[in-house]
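Novice: Here the protein sequences line up with chains C and U, keeping their order. Per full-length UniProt numbering, the first sequence starts with residue 1, numbered consecutively. Per full-length UniProt numbering, the second sequence starts with residue 1, numbered consecutively.
A portion of the hints provided could be inaccurate.
Only some residues are given here: those of chain U computed to face chain C with a beta carbon under 8 Å [as the list claims (entries may be wrong)]:
| hint | residue |
| --- | --- |
| 1 | Gln-56 |
| 2 | Arg-61 |
| 3 | Leu-62 |
Result set (EDC-like, lysine to aspartate or glutamate): computed pairs, CA atoms no more than 20 Å apart in a straight line [to be verified]:
| hint | chain 1 | residue 1 | chain 2 | residue 2 |
| --- | --- | --- | --- | --- |
| 4 | C | Lys-342 | U | Asp-36 |
| 5 | U | Lys-92 | C | Asp-475 |
| 6 | U | Lys-9 | C | Asp-322 |
| 7 | C | Lys-407 | C | Asp-369 |
| 8 | C | Lys-342 | U | Glu-18 |
| 9 | C | Lys-286 | C | Asp-475 |
| 10 | C | Lys-462 | C | Asp-244 |
| 11 | U | Lys-9 | C | Asp-475 |
| 12 | C | Lys-411 | U | Asp-36 |
Covered by chain U, per the in silico footprint, the following chain C stretches (three or more residues, Cβ under 8 Å) [what the hints assert, rightly or not]:
| hint | stretch |
| --- | --- |
| 13 | 226 to 239 |
| 14 | 258 to 270 |
| 15 | 307 to 316 |
Bear in mind the hints are in silico, worked out from the structure with no lab data behind them. In this text, a Cβ means the ideal position worked out from N, Cα and C, and glycines have one as well.
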Amino acid sequence: MPETSLSALAAQLAAKQISSRELAQAYLDRIAALNPSINAFITVDAEKTLAEAAAADALIAAGQAGPLTGVPIAHKDIFCTDGWLTTCGSKMLHNFIAPYDAHVIQRFKAAGMPSLGKTNMDEFAMGSSNETSYFGAVKNPWNTAYVPGGSSGGAAACVAARMAPAATGTDTGGSIRQPAALCGITGLKPTYGLVSRFGMIAFASSLDQAGPMAPSAEDCALLLNVMTGFDPNDSTSLDREKEDYARDLDKPLAGLRVGLPREFFAAGLNSEVAAAVEAAVTELKKLGATTVDISLANSRLAIPVYYVLAPAEASSNLSRFDGVRYGYRAPEYGNLDDMYSKTRAQGFGAEVKRRILIGAYVLSHGYYDAYYLQAQKIRRLIADDFNAAFKTCDVILGPTAPGTAFKLGEKSGDPVEMYLNDLYTIPANLAGLPGMSLPCGFDAQGLPIGLQLVGNYFSEAKMLNVAHQYQRATDWHSRMPTNL
Amino acid sequence: MSLTPDDVKRIARLARIETSDAEAQATQAQLNSIFDLIAAMQAVDTRGVSPMAHAQEVYQRLRDDVVTETDRHAAFQAIAPAVENGLYLVPKVIE
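Here chain U stands alone, though its shape is the one from the complex (with noise of 0.2 Å):
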């Protein structure tokens, strides 16, 4: 398998990473050399093994239904790069 400096471009657009020309052709050949690592999974016979997710067998909890947090609102926005009146500010996404 091979990555073409497109795919790596594609790639990079789903995980939300602006990416040049440039930079895809120089991630395209380190990629690859790390997928050539990585194929050598591809011989063994794995049928009939169940996948292993988690080291232990865990499961979801439940706790009781009451609040349990404190409002923090005010100390975990101040650290946000921009807020107005409580609110988180991004781009105007809705015209």
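The following block holds chain C by itself, in its conformation from the complex (with noise of 0.2 Å):
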């Protein structure tokens, strides 16, 4: 598969050079190759996505092209997708055929990008190595005895091994940008609210947000243009005017004032990825940025503040999976009740389970002031900390992750560990602050190292223009594994 960014693909397509039919067909083939050693997919239909991609040069011929009709993208298996399985990455949902169309999943067939299929991921979007999906773990292009990162890990990796062009994703606490940073391509999780949740399977309603993940920050912005916009069928959507993200692109970086949050700095941080983070802020600097020293002191609360909060909000929404409107049910069971607890005893999976349990445990009776409300005011005092730093800069930086993959199986044993995976990535989900991971460098063992950009409210032009010429000065987001 030729290295091509979407921009390209999308020309070559206006001026007729290839077909979204070969294009699809050139994708599809490599996935039938490579799946099976990644399992990036659980389900592909080539039918229905050369179908789609017929639709799409159809639309090209008669002149009615968007920008990027004809590109192909997958689709994590947390959007509702009309006639295709959609299973959250559960047994829960191991049979359920979705009756309709994620609003994120409409804007890109209006736009007529065919659907390559459904990415893995961690079961209900619980996890940060794609180790709890019911459909097997994913593994890291770059070395695949390593996690790719989740939950978005099978549209991270399949970005990774180029088996699609792009991929969405969504990001409750880390979901889109720790899989970037492990695979080595660029994520990007919207300002809560410009992304519609309609049809895409809720985990945590207050923090879940989709967003694009793609080799670079341009195929980013493109894409964002693709899936953002008001949608009546979410209440939390946001009514704004359109934005063109690409419109900052090319402005250069003299005066950006990058922010240098020092608790990202701190210990625990692994000594390879500072390095190569510290390399970055360097090379930003030669283009014409500043850097401002600050601090967002309850940052360290924010695991426990998502621990409580994320399970609280999932307990609630995993309420609706008991076996009676569709997905599993139980083969054997005496009452009503039976049928809920075995139902939902033999579909969900060990971390799902774990979870409700604790959101079931702090919105119980006696402990809803200790736990909920203290996690919802310190959440408070998070977002407060950002509010204050941005007086001060226009982007925050920092890693995305305190390590590179880790090893499949080192911490699926531990909850606890593998919760510490997402210290830099929570706090944006809890304030509800735009983010982003890009690649940066590699480690000693060639594994990919992310670089994390925090913006302020609606800044993603502005951070899309910061990672866009970052990547004009380097090239670690066209490196690709060459293993596979």
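Combine the two chains into a complex, taking the hints into account.
Specialist: See the structure below:
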């Protein structure tokens, strides 16, 4: 598969140098060759993909093409897709054929972008290694003995292995950014409310946000142009004027103030990651940026706060899976209560059950104030830290994850150890701020290192500008695994 | 704070997840290590801080009171585990 940006693919399609069908077939061939060893896709349906590609070709022939018409994309299996199996990585939905399209899917369909299939993920997006999927772990394309990160592990792996030119992901506590970092691609979690959650299977509704994953920041800008927009079907969708997220890509960085939170460079950060991130800071300075020392003092509480709020919301959201209307139902049961309890015991995996139990506990009588309310108050303190920081800087920079990819099985036995992976990504979710990860180097084992940018509300165009300028000066984002 | 296996079984019952004694035992240790992590919150003085439920101040929108949904009854029931005569089938709840 040639190394090609979305804009280059779109130009080739517009110039009729290649058809959407040919392009889709080339990616389907690569998926057929590589997916057995990577396991990035749960569902591939060549017939459906090629039919969508043929429709895109018709649009192009009729002169009705949009900027990305005919460019294929892979969708995380959390998005309901009409007529496609939509599992959310769970046995609970192993047989669920969605009867409608998520808003995000509707938008990509309207843009004429064929779906290459549904990507693997941690069960109900709960995990940081893609090992909790009912459909098996995803392998990191850079070294298949290592995890790709999670929960959008299939999305990150399929883009890294160039099985798809781009993918959708979702991010509740880092699920776009952390796998993007571990797989050496670019991923962006938008400001909360910019992308509709309609038809996106809910995990923690006040934190969940969908976003693009692709090799470069420029690709992500073009995808964000498709994904964002008001949707009356999502009560938290923001009714804002449509933006062109690619408008500032080529702006010079002179005068840019980059905030470096000292808490993100403290103990617990792998030294190779620290060195790569510091080298990126040096690169940005060469491009005209200055740095500002900032403090996000309450961010150390982000993980405790998150592991109260997210499970609380999840325990409520996942109560809908009861074996009555769709999905799995236990084969044998007594009364109705027994049917619920057996269905949920058999349909959910261990991590999902743990989080439901935490949520049920922190919301139960007598514990609400001590846990849930206290967590919501500290959430405010964490957001206030960001507000104060953005008075002195334009964008915040730090590592995406405390280390590079770890071995399959290395952390799966210890939930707390696994949770610490999201130390630097969770604060942006709690505050509702946009965040992105972009490649900034490799460790001694050849595994990718990710750099995180966090911007102020609605500053996606600025973040993409910074990332694009960095990617013009470096080539980390265009490196590909050579072992495949 | 420390959960006992009985606490775990009580919460699992609230969440309608069947849990054996052996599972409760295994889960107890993991939940306790997670609650140890969460305990860091308790030392923070949050007097006077208003809780933050959402990232954006949004309010429920109202729409015109007109029918906008089409009838998708058949499509939605086609994926149900058990239906009969347009109804979802579950074990008998009223004697």
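Novice: Now tell me if each hint is right for this structure.
Specialist: Going down the list of hints, with the structure as the test:
no., hint, in the structure
1, Gln-56, "5 Å, holds"
2, Arg-61, "7 Å, holds"
3, Leu-62, "11 Å, violated"
4, C:Lys-342 x U:Asp-36, "29 Å, violated"
5, U:Lys-92 x C:Asp-475, "64 Å, violated"
6, U:Lys-9 x C:Asp-322, "19 Å, holds"
7, C:Lys-407 x C:Asp-369, "39 Å, violated"
8, C:Lys-342 x U:Glu-18, "6 Å, holds"
9, C:Lys-286 x C:Asp-475, "16 Å, holds"
10, C:Lys-462 x C:Asp-244, "11 Å, holds"
11, U:Lys-9 x C:Asp-475, "53 Å, violated"
12, C:Lys-411 x U:Asp-36, "18 Å, holds"
13, 226 to 239, "holds (count 4)"
14, 258 to 270, "violated (count 0)"
15, 307 to 316, "holds (count 3)"
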